[in-house]
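Student: Residue numbers (the working numbering), protein chains in the order written: chain D, 1 to 113; chain Y, 1 to 112.
Keep in mind the hints are simulated off the structure, nothing from the lab. Check each hint, because a few of them may be wrong.
In silico lysine to any residue, SDA-like type, Cα no more than 25 angstroms apart, as pairs [as the list claims (entries may be wrong)]:
(1) D:Lys15 - D:Gly40
(2) D:Lys57 - Y:Lys107
(3) Y:Lys37 - D:Lys15
(4) Y:Lys107 - D:Ser9
(5) Y:Lys57 - D:Lys15
(6) Y:Lys37 - D:Glu44
(7) Y:Lys17 - D:Lys57
(8) Y:Lys17 - D:His29
(9) Y:Lys37 - D:Pro101
(10) Y:Lys37 - D:Asp24
(11) Y:Lys107 - D:Ser73
(12) Y:Lys1 - Y:Gly16
(13) Y:Lys1 - Y:Asn18
(14) Y:Lys1 - D:Ala2
(15) Y:Lys107 - D:Asp24
(16) Y:Lys1 - D:Leu60
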Amino acid sequence: GAGVSQSPSNKVTEKGKDVELRCDPISGHTALYWYRQRLGQGLEFLIYFQGNSAPDKSGLPSDRFSAERTGESVSTLTIQRTQQEDSAVYLCASSLAASQPQHFGDGTRLSIL
Amino acid sequence: KNQVEQSPQSLIILEGKNCTLQCNYTVSPFSNLRWYKQDTGRGPVSLTIMTFSENTKSNRRYTATLDADTKQSSLHITASQLSDSASYICVVSLDSNYQLIWGAGTKLIIKP
């Protein structure tokens, strides 16, 4: 497809486990973003990639969160030692450039038991 | 503190009616203002982007306005349809452009 693809669409895991979320951006989009959206709340910025580098990681809530991007394409967001407060929808977006509209995937709904 | 506030929190209107959603922001340095539509369980979809110099911008039945002096924006929806039921989110971009301040959204419900 031509849109941003995220997997898995849903993830249920036990507290303390590690999880890895994947984002396939639109081909040719150099900018990639990760957001967190808690139920009924606005989007919370996590990290921004320009190409494969992350000039802004300021939104990552703790050192349990990390993200990488390879080949100016796929990105993974990893959460280690998950806690119940990590339960949320994690959204990925990409854009041609930072000034251009962001195109979003449908997110990964993460539930920590 | 950079903030985007939207009102009302939620709104119910009958199909075919018009409505206006409001957005107030305190964001500096301002680059542009964006409106997104988010259907339940889906990612947000861009409706419009407005720069400092643009006062009005239309996209089909959506008309956005921006008053940079009062730091207010509105999104007007004309002749609402059932498919317009969604959350409408106001987003303000900082100078860097990638840094976006997101409002909590207005949940719009269109009833037949």
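Student: Decide, hint by hint, whether the structure agrees.
Tutor: Going through the hints against the structure:
1. D:Lys15 - D:Gly40: With a Cα-Cα distance of about 23 angstroms, the restraint between D:Lys15 and D:Gly40 holds, given a limit of 25 angstroms.
2. D:Lys57 - Y:Lys107: At roughly 30 angstroms apart (the allowed maximum being 25 angstroms), Y:Lys107 and D:Lys57 break the hint.
3. Y:Lys37 - D:Lys15: Outside the cut-off at roughly 33 angstroms; violated.
4. Y:Lys107 - D:Ser9: holds, 23 angstroms
5. Y:Lys57 - D:Lys15: violated, 47 angstroms
6. Y:Lys37 - D:Glu44: Within the cut-off at roughly 16 angstroms; holds.
7. Y:Lys17 - D:Lys57: Not OK: Y:Lys17 and D:Lys57 at ~43 angstroms, beyond 25 angstroms, violated.
8. Y:Lys17 - D:His29: violated, 38 angstroms
9. Y:Lys37 - D:Pro101: holds, 13 angstroms
10. Y:Lys37 - D:Asp24: Satisfied, since the Cα-Cα distance of roughly 21 angstroms is no more than 25 angstroms.
11. Y:Lys107 - D:Ser73: violated, 33 angstroms
12. Y:Lys1 - Y:Gly16: violated, 39 angstroms
13. Y:Lys1 - Y:Asn18: violated, 33 angstroms
14. Y:Lys1 - D:Ala2: Violated. Y:Lys1 to D:Ala2 sits at ~37 angstroms, over the 25 angstroms cutoff.
15. Y:Lys107 - D:Asp24: Violated, at about 29 angstroms.
16. Y:Lys1 - D:Leu60: holds, 19 angstroms
Violated hints for the displayed structure, listed by number in ascending order: 2, 3, 5, 7, 8, 11, 12, 13, 14 and 15.
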